[in-house]
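Trainee: Given next are the chains, with one letter for each unit.
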Amino acid sequence: MSDILQVEKVSKRFGGHAALTQVSLTIPENCIYGLLGPNGAGKTTLIRIINQITHPDEGKVYFQGQPLAPEHISHIGYLPEERGLYKSMKVGEQALYLAQLKGLSKKEAKIRLDYWFKRLDIGDWWNKKIQELSKGMAQKIQFIVTVLHKPKLLIFDEPFSGFDPINANKIKDEILALKEQGTSIIFSTHRMESVEELCDHIALIHKSEKILDGKLSEVKNAYKNNKYRIELHLSDRSDAVIHELRALFEISDEIVIDDTRNHTFTLRLPNGDTTDFLRYLHQNGIHLKTFQEIIPSTNEIFIKTINQKMHA
Amino acid sequence: MHKLKLIIKREYLAKVRNKSFVVMTFLSPILLVGMVMLIVFLTKVNDNETRVIMVLNESDYFSNAFHSSGNVSFVPYNAIDLESAKDSTLKMGIYGLLYIPQAETLEATANHATFYSKDNPVGSILDRVERIFQNRLQQGRLQDLGVSAKDFAAVSESFEVKTSTFEGARSLKGINEVKAVIGGLFGYLIMMFIIIYGGFVMRSVIEEKTSRIIEVIISSVKPFQLMLGKIIGTSLAGITQFVIWILSASFLLLVAMFLFDVDMAALRGASTEGNNPVMQMAPIPSSNFSDVQLYAQELMQIPWVLLISSFLLYFMMGYLIYSSIYAAIGAAVDNETDTQQFIFPIILPLMLAIYVGFFSVFSNPNGPIAVGFSLFPLTSPIVMLMRLPGGIGEGGVPLWQFLTSIILLLVTFLGIVWLAAKIYRVGILMYGKKPTYRELYKWLNY
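From first to last, the protein sequence lines are chains W and H. For the first sequence, counting from 1, position 213 maps to 213 in our numbering; every step adds exactly one. Position in the second sequence (first residue = 1) + 312 = our numbering.
By construction, these hints were calculated from the structure, which means they are not laboratory data. Predicted model, so just to flag it, every value in this text is computed and none were measured. We put the beta carbon where it would ideally sit given N, CA and C, even for glycine. Take these hints with a grain of salt, some might be off.
Straight line, CA to CA, 20 angstroms or less: simulated PhoX-like cross-link-like pairs of lysine-lysine [stated by the list, open to error]:
no.	chain 1	residue 1	chain 2	residue 2
1	W	K106	H	K317
2	W	K129	W	K110
3	H	K356	W	K110
4	W	K135	W	K170
5	H	K746	W	K106
6	H	K317	W	K107
7	W	K150	W	K118
8	W	K87	H	K331
9	W	K150	H	K315
10	W	K304	W	K215
11	W	K150	W	K106
12	H	K403	W	K106
13	H	K331	H	K356
14	H	K331	W	K128
15	W	K129	H	K331
16	W	K107	H	K321
17	H	K321	W	K90
18	H	K321	W	K129
19	W	K107	H	K403
20	W	K172	W	K135
21	H	K321	W	K87
22	H	K331	W	K90
23	W	K110	H	K321
With beta-carbon atoms standing in for the labels, derived distance ranges [as the list claims (entries may be wrong)]:
no.	chain 1	residue 1	chain 2	residue 2	range
24	W	P67	H	L625	34 to 42 angstroms
25	H	K331	W	K107	24 to 32 angstroms
26	W	K107	H	Q653	45 to 53 angstroms
27	W	N127	H	F563	29 to 37 angstroms
28	W	N127	H	L571	38 to 46 angstroms
29	H	I556	W	S88	18 to 26 angstroms
30	W	N299	H	R515	54 to 62 angstroms
31	H	V723	W	S11	48 to 56 angstroms
32	W	S105	H	I551	39 to 47 angstroms
33	W	S2	H	V723	43 to 51 angstroms
34	H	Y667	W	S105	28 to 36 angstroms
35	H	Y667	W	N127	45 to 53 angstroms
Residues on chain H that point at chain W, a partial pick, calculated with CB under 10 angstroms [what the hints assert, rightly or not]:
no.	residue
36	I319
37	K321
38	R515
39	E519
40	E520
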């Protein structure tokens, strides 16, 4: 699988403030790439560089192996975080205008708009003015305008802000459908739960530097720390068993529910070897109800990495 | 190019369809014509008010000096003392009373004359009374010196010097002023256009910023394209508006003149003299026929082609310079209230150009101040146009000055548009910052 975008050692300064320092990224084709980081980390600057709105002081960006050039603009769709539409312009007119600026012919734009307006159930909005629409409604139109010219690379900056949960889901499905069709997607956010659901790859940017990147599953594996969630069903000898368990293993977060005789706790196995623990249970005839490895959430990884960075 | 055309079209339509723009376009000519009619009407009313002044003359002099004419009537009192004259004047509601007491000499009489009125008297009436006294005094002194009234009349015959160019053609006094007025009109037009439509450009940029559409658009087009398209689209809308204004205002004015039977000749003297050379050719009372014809000839000799083509040239460059500054300001701020500190420095050179132009070009089109300001690029579009009706070359603007001013303007134009585009490019993506000049300077290096 080839790469849609390569960012090579890109730096950008605004006056005395560094927005990006030697950032390198590789974004494979046909994946959803999560660009994460706290506010002011440099995400938006990086996205603007990819969109050729600003230019890097140093470093290069390659689009499908070629140095980024103005003709690539028509292959990129960008939904900025700070987004809006002309308030006093009609929906259809405005969508046509923006589509034509992306290089579509008027006729082609009209056909595709009809398709999308039907698909998102907004066919009757064509002659409405933006100021008559709610924020969520305007967001739908912006989404359509972003994807209308069938770009190879889509960049969404906080795409779900302003949507109610139902419409957010709709848009999420559309994003997944676009990925199915072969589009590569950069997804910038600080809402981690949507990252878990959508992203294949992630990169974490903090204070202008990239501090972490890779496949989401690999990143998670790297951050797991051999913790397991255990649920046991105990018989009458429970107190003795619990004492023994505490003596033999690293146990924390215990919860005992008396009437059902259930015992839940977190177990840490320093070397990741589960055989000792399982053998102990087997020998003592303890009934094991749940045995699950605890994999850190993106949110935890995010916070942990940034805290480490700040204390380092 | 295709994208630029799209932007121009959108900006033009957005402007032209705007309700307030439509209202202004069609209402302004009516307001303007209404104003002119009102002024004409008020002037007439003002002129028509006749003031009566009672004259109580107890002296031996001034018996035939006071003639009623124009809007002042002098009515004599006979055989009445001052107190009762004052009383009756006040009771009858008459404007004033002029009292000339009995005295030994003409001078003493004049010195003791008093004008009584209820309020402070109008300057023009006092002037008139004073002039009568002055004439009479002058005449009296001349008589004392032994000059007869007839000789005096012969002496006071007015004299006018004939003016001529070196080529021998008769030249006209006042033609310089007329020419400067014509140039001034063009200059004034440029200033108004810059202030009105530059402001439109600025507001349109602010609108894009506050509605947050700007980033969506500049991910498809270059900021410079957007700025240029915006300026061109807005000015096309402005030109449309101007053309509609001029056409409908002149039509309405004609209709109004016809309906109200306004004296064309009277108006011509007051309003922009010779703005329209054809009008000057209209039949005029024969007494000054030859003069008028000469003025008309002179006006025809004004290099109209040069004037209009340089008007277009200076207009375009001047407008582009200023409107790109306006665009940069719009990009730098978040809302219109923050624009004040930046707008003043723009308006300053424009105002300076107009006033310096009117004062120095009128008195001497080729004086050092006029030349200086017609070369300085921020004022040259206005000041140079005021000088150009004199032509280029001999008698008019030296060719080197004309060319220098155009080259300076062109260089400044490129420089300012480049700078403004830089500020614009950075400014449109900055939110929530109230910019300072220092900040703007920093943006130039981003």
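Trainee: Against each hint, give a clear statement of whether it holds in the structure.
Mentor: The hints, checked one at a time:
1. W:K106 to H:K317: 14 angstroms, holds
2. W:K129 to W:K110: Holds - the C-alpha atoms of W:K110 and W:K129 are around 18 angstroms apart, at most 20 angstroms.
3. H:K356 to W:K110: Judged against 20 angstroms, a Cα distance of about 63 angstroms means the pair is violated.
4. W:K135 to W:K170: Answer holds: W:K135 to W:K170 is near 16 angstroms, not above 20 angstroms.
5. H:K746 to W:K106: 40 angstroms, violated
6. H:K317 to W:K107: 17 angstroms, holds
7. W:K150 to W:K118: 17 angstroms, holds
8. W:K87 to H:K331: Since the Cα atoms of W:K87 and H:K331 sit roughly 14 angstroms apart, the hinted pair holds (cutoff 20 angstroms).
9. W:K150 to H:K315: 19 angstroms, holds
10. W:K304 to W:K215: 18 angstroms, holds
11. W:K150 to W:K106: 15 angstroms, holds
12. H:K403 to W:K106: With Cα atoms ~84 angstroms apart, H:K403 and W:K106 exceed 20 angstroms; violated.
13. H:K331 to H:K356: 37 angstroms, violated
14. H:K331 to W:K128: The hint holds at about 17 angstroms.
15. W:K129 to H:K331: 15 angstroms, holds
16. W:K107 to H:K321: 17 angstroms, holds
17. H:K321 to W:K90: Status holds; Cα separation ~15 angstroms.
18. H:K321 to W:K129: 19 angstroms, holds
19. W:K107 to H:K403: 87 angstroms, violated
20. W:K172 to W:K135: 18 angstroms, holds
21. H:K321 to W:K87: 17 angstroms, holds
22. H:K331 to W:K90: 15 angstroms, holds
23. W:K110 to H:K321: Holds, at roughly 18 angstroms.
24. W:P67 to H:L625: 34 to 42 angstroms: Given range 34 to 42 angstroms: holds, Cβ gap about 41 angstroms.
25. H:K331 to W:K107: 24 to 32 angstroms: 31 angstroms, holds
26. W:K107 to H:Q653: 45 to 53 angstroms: 48 angstroms, holds
27. W:N127 to H:F563: 29 to 37 angstroms: At 36 angstroms between Cβs, range holds.
28. W:N127 to H:L571: 38 to 46 angstroms: Holds: the Cβ-Cβ distance is about 44 angstroms, inside 38 to 46 angstroms.
29. H:I556 to W:S88: 18 to 26 angstroms: 22 angstroms, holds
30. W:N299 to H:R515: 54 to 62 angstroms: With a Cβ separation near 44 angstroms, W:N299 and H:R515 fall outside 54 to 62 angstroms, so the hint is violated.
31. H:V723 to W:S11: 48 to 56 angstroms: 34 angstroms, violated
32. W:S105 to H:I551: 39 to 47 angstroms: Violated, since W:S105 and H:I551 (Cβ atoms, about 29 angstroms apart) do not stay within the stated range.
33. W:S2 to H:V723: 43 to 51 angstroms: 49 angstroms, holds
34. H:Y667 to W:S105: 28 to 36 angstroms: Between H:Y667 and W:S105, where Cβ atoms are some 53 angstroms apart, the hint is violated.
35. H:Y667 to W:N127: 45 to 53 angstroms: 50 angstroms, holds
36. I319: OK, holds: H:I319 within 10 angstroms of chain W, min 8 angstroms.
37. K321: This interface hint holds because 9 angstroms falls under the 10 angstroms limit.
38. R515: Where the cut-off is 10 angstroms and the nearest Cβ of chain W is about 13 angstroms from H:R515, the hint is violated.
39. E519: 8 angstroms, holds
40. E520: 8 angstroms, holds
Of the numbered hints given earlier, the model fails hints 3, 5, 12, 13, 19, 30, 31, 32, 34, 38; all others are met.
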